[in-house]
Amino acid sequence: MIKKLWAWFISAIKETLNLSWTLVGLVIATLTLTGSAQQVTGLATLITLAIWLLTISFRKD
Amino acid sequence: MLLRICIALFLAVPIPAFADETPTTTTTTTTTIPEGQVVETETFDGGVDSNEQTTDIVVPETENNNLVNIDNTWSGLYGMTNTHIELEYQKHSGGSNDYEFTLPEDHDVYEVGFTIGALNNTGSVEYTHSDDTTQSNTIDAQTYSNNNTMWEDIVYNIYDQTNLFIDKFVITINDWALVDDIEIKYIGTTTTTLDPLTIQRNANFASYGISETDEEKGIREEEEAEVLEQIIVMEIQEAIEVESNMAETGYNETDEERAEREERTNVVIVVGDEEVTYTEKEQNDGTIDRDQERAMNEELYGVALTDEQIERGDLELYDVEIIDEDIYEEEEQFIDDADILDIEYIELTEEEIEREAKELEYEQEIEFFEFESEEKAREFIDTLIELEEIDLEIYEVEIFEDDIVVDEVDWIDIYVENDLFPPTEEEIQEDLLEVQDEKVKENVEEVLDESIQEIVSEDTSTTTLPRVEEEESIELTEEEVAVEVAEIEEVIVIEIEIATEQEIEEFTEEELVEYEEAKEEAIQEYVEELTNEEASEVLEEVNDIGVQNLDQASEEVQEVIQAVVEEAIEDVAELTEEQVEVVAEVLQVEAEDVEIIAESVKDDEVIAEAVEEYVERAVENADIENYTLADVVTEVSYESFIENPIETFVDFNNLGDITVANIGDDMTQDQKEKAQEVVVPVILTRIASMAAFMFRRS
Numbered sequence: 001m002i003k004k005l006w007a008w009f010i011s012a013i014k015e016t017l018n019l020s021w022t023l024v025g026l027v028i029a030t031l032t033l034t035g036s037a038q039q040v041t042g043l044a045t046l047i048t049l050a051i052w053l054l055t056i057s058f059r060k061d
Numbered sequence: 001m002l003l004r005i006c007i008a009l010f011l012a013v014p015i016p017a018f019a020d021e022t023p024t025t026t027t028t029t030t031t032t033i034p035e036g037q038v039v040e041t042e043t044f045d046g047g048v049d050s051n052e053q054t055t056d057i058v059v060p061e062t063e064n065n066n067l068v069n070i071d072n073t074w075s076g077l078y079g080m081t082n083t084h085i086e087l088e089y090q091k092h093s094g095g096s097n098d099y100e101f102t103l104p105e106d107h108d109v110y111e112v113g114f115t116i117g118a119l120n121n122t123g124s125v126e127y128t129h130s131d132d133t134t135q136s137n138t139i140d141a142q143t144y145s146n147n148n149t150m151w152e153d154i155v156y157n158i159y160d161q162t163n164l165f166i167d168k169f170v171i172t173i174n175d176w177a178l179v180d181d182i183e184i185k186y187i188g189t190t191t192t193t194l195d196p197l198t199i200q201r202n203a204n205f206a207s208y209g210i211s212e213t214d215e216e217k218g219i220r221e222e223e224e225a226e227v228l229e230q231i232i233v234m235e236i237q238e239a240i241e242v243e244s245n246m247a248e249t250g251y252n253e254t255d256e257e258r259a260e261r262e263e264r265t266n267v268v269i270v271v272g273d274e275e276v277t278y279t280e281k282e283q284n285d286g287t288i289d290r291d292q293e294r295a296m297n298e299e300l301y302g303v304a305l306t307d308e309q310i311e312r313g314d315l316e317l318y319d320v321e322i323i324d325e326d327i328y329e330e331e332e333q334f335i336d337d338a339d340i341l342d343i344e345y346i347e348l349t350e351e352e353i354e355r356e357a358k359e360l361e362y363e364q365e366i367e368f369f370e371f372e373s374e375e376k377a378r379e380f381i382d383t384l385i386e387l388e389e390i391d392l393e394i395y396e397v398e399i400f401e402d403d404i405v406v407d408e409v410d411w412i413d414i415y416v417e418n419d420l421f422p423p424t425e426e427e428i429q430e431d432l433l434e435v436q437d438e439k440v441k442e443n444v445e446e447v448l449d450e451s452i453q454e455i456v457s458e459d460t461s462t463t464t465l466p467r468v469e470e471e472e473s474i475e476l477t478e479e480e481v482a483v484e485v486a487e488i489e490e491v492i493v494i495e496i497e498i499a500t501e502q503e504i505e506e507f508t509e510e511e512l513v514e515y516e517e518a519k520e521e522a523i524q525e526y527v528e529e530l531t532n533e534e535a536s537e538v539l540e541e542v543n544d545i546g547v548q549n550l551d552q553a554s555e556e557v558q559e560v561i562q563a564v565v566e567e568a569i570e571d572v573a574e575l576t577e578e579q580v581e582v583v584a585e586v587l588q589v590e591a592e593d594v595e596i597i598a599e600s601v602k603d604d605e606v607i608a609e610a611v612e613e614y615v616e617r618a619v620e621n622a623d624i625e626n627y628t629l630a631d632v633v634t635e636v637s638y639e640s641f642i643e644n645p646i647e648t649f650v651d652f653n654n655l656g657d658i659t660v661a662n663i664g665d666d667m668t669q670d671q672k673e674k675a676q677e678v679v680v681p682v683i684l685t686r687i688a689s690m691a692a693f694m695f696r697r698s
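Order-wise, the sequence lines are chains A and B.
Under the numbering used here, the residue at position 23 of the first sequence is numbered 23, and the numbers go up by one with no gaps.
Under the numbering used here, the residue at position 674 of the second sequence is numbered 674, and the numbers go up by one with no gaps.
Hints listed in this document are in silico derivations from the structure and should not be mistaken for laboratory results.
Just so you know, even glycine gets a beta-carbon here, dropped at the ideal spot from N, CA and C.
One or more hints might be untrue.
Stated by the list, open to error - Sample of chain B residues at the chain A side, in silico, Cβ under 7 Å: (1) HIS92; (2) THR634; (3) ILE658.
Claimed, not checked - Which residues of chain B face chain A? A few of them, derived with a C-beta cut under 8 Å, are: (4) THR249; (5) TYR251; (6) GLU308; (7) SER600; (8) ILE607; (9) LEU655; (10) GLN671; (11) LYS674; (12) VAL679; (13) VAL682; (14) ARG686; (15) ILE687.
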């Protein structure tokens with residue numbers, strides 16, 4: 001189990017690194033926005049990132 | 001042997017005798033005093049009690065420093081005069097201490113001198129130059145023989161060194177010594193002092209674009225008021241004229257127009273023996289006919305009556321009787337005239353007689369015409385007679401018209417009811433422009449052009465008139481900015497003694513905190529006392545110069561402006577539309593965005609901080625074009641993210657209130673535009689990278 005988790009963790013880091021430029025852009029975009037738009041963009045970014053990382057194995061299959 | 005003889009001779013001859021006989025040589029040193037040289041001496045003898053400094057030289061602090069004392073204890077002794085400064089006070093040995101004398105920054109000092117006395121131990125003085133190089137000199141220990149001679153003048157001069165000046169000097173000693181008469185020399189600079197009138201002109205030009213003194217402004221405004229008054233009087237006069245002329249001539253016209261029209265339409269006709277001028281109305285109402293009839297009948301019957309009067313028998317009133325024979329008699333007289341031969345008598349009807357009479361009359365009148373033939377002339381006269389007959393028909397109508405009682409018409413009331421009078425601002429404007437054109441002819445168009453603009457600008461709150469000239473975005477020169485800043489500083493008056501940089505540097509931490517608190521309190525008090533109008537006035541002044549040019553204003557003024565902006569945002573609901581626009585211009589956002597900002601400030605810390613720091617950051621980023629509140633928001637947001645990245649992304653306060661429809665409604669237009677500039681490239685970049693990835697895989 002731990003081994004699996006570790007493997008996922010490593011994959012997640014790799015995937016996140018792959019998304020570096022996109023994430024930088026989204027962070028900048030979020031910081032440029034204010035109010036509700038900022039909250040929605042921030043939340044959407046985090047949720048999407050979480051889904052993206054949780055579905056690594058699913059997408060690879 | 002020879003050496004011994006020489007020694008013997010040396011001893012035998014008294015040397016003082018030679019010395020007495022040596023001729024005295026006088027060496028004259030010519031010192032050229034540089035042109036414009038200014039000498040300032042710190043005597044410590046200033047003020048009423050002769051114990052204050054006389055120059056701007058910063059001397060070692062005496063407060064909380066028991067090694068420095070300024071008094072007149074040693075006046076007249078050790079080279080001291082009156083008040084002097086005592087260094088290493090009551091100390092006679094041990095470690096040395098430094099005593100710094102900072103010279104005024106606004107002068108390029110090339111020579112420093114001072115008198116130092118009662119120095120028992122050797123000391124030193126180090127001069128620091130403007131290029132941070134130094135020069136150290138020793139101050140020799142002074143031997144006491146008496147207290148009138150134990151002193152020395154120290155002078156340091158670097159005049160010969162180009163572009164090098166003395167900024168300060170430090171005396172390092174370990175013995176109680178006295179210092180006085182610190183003298184500095186520099187070349188005085190010619191300060192261009194603007195005369196008060198030029199200052200007024202500059203200020204007024206910067207304020208409303210007219211270079212004039214306050215007195216000239218007063219005169220101009222008086223003249224403009226007079227012009228305006230004259231225009232109103234003219235309008236009233238014109239209305240009265242029009243009313244009067246309408247009643248008199250039936251034409252809606254001024255006297256001038258009437259004169260022009262009459263000049264065009266009036267005719268001069270010879271009636272009897274004299275020339276009579278008839279107006280258009282008289283031409284139309286049959287006056288000419290009646291006058292001609294009267295003239296003719298006067299000639300015939302000796303009574304000036306019209307034909308109609310004769311027809312109705314008015315001649316009887318004058319005891320005149322028409323006898324046909326009379327006519328024949330006259331005609332017979334012609335027949336009897338020997339000069340006229342073969343005249344055939346034709347019996348004419350009354351109509352024909354009348355026609356003949358008119359023919360004669362017209363022949364007299366149109367004698368200046370040239371006709372091709374007699375027939376043509378007769379044809380012309382016939383036409384005239386026919387026209388006259390038509391006139392006679394009109395005459396009937398005219399009589400009928402005379403019976404109509406025309407009520408007196410109050411044209412002013414009609415004008416007022418129909419909004420034709422009093423003149424609207426637009427009409428006044430047009431009249432002003434007309435007057436301006438007239439003035440152009442008199443070579444004074446410039447003055448009036450400015451006056452119109454002034455009137456328009458002064459009345460913008462109550463009129464819908466377009467400005468004569470749209471204000472152009474003009475980049476201010478440094479001088480203009482300085483004038484504007486001076487104006488802002490005139491408007492903003494806070495009741496606190498502003499400390500100089502030097503004073504602030506010398507503050508202890510506690511004093512600094514106290515000073516800052518007092519300043520903040522004074523600013524807060526000032527801003528709270530401001531009415532919305534006054535706040536708006538301050539912000540208008542800021543708009544005149546531009547927020548980013550406020551770097552030339554003092555820190556206190558910047559803080560006041562910042563506080564005014566914050567106050568305006570807080571009280572946005574109380575502001576008028578114009579005042580909101582002024583605030584919007586300061587923040588460089590749309591007027592409708594001011595309300596959004598005011599709402600956001602309440603629950604968004606980032607925007608609240610951005611508003612709080614807007615002026616300060618705008619001044620700091622003076623070199624960035626179009627630096628707006630949105631930029632400050634982004635900066636603050638970025639700083640907040642760096643400080644606490646998680647909080648920025650997980651700050652979901654009012655998530656429940658957000659709907660798809662209202663996302664972004666709480667963003668200013670400017671913020672949206674700036675966000676678009678970032679978000680769109682991010683999406684495009686992502687699409688491009690995905691496409692590249694797909695391409696590589698395939």
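List in ascending order the numbers of the hints, as given earlier, that are violated by the structure. Per hint list: 1, 4, 5, 6, 15 violated.
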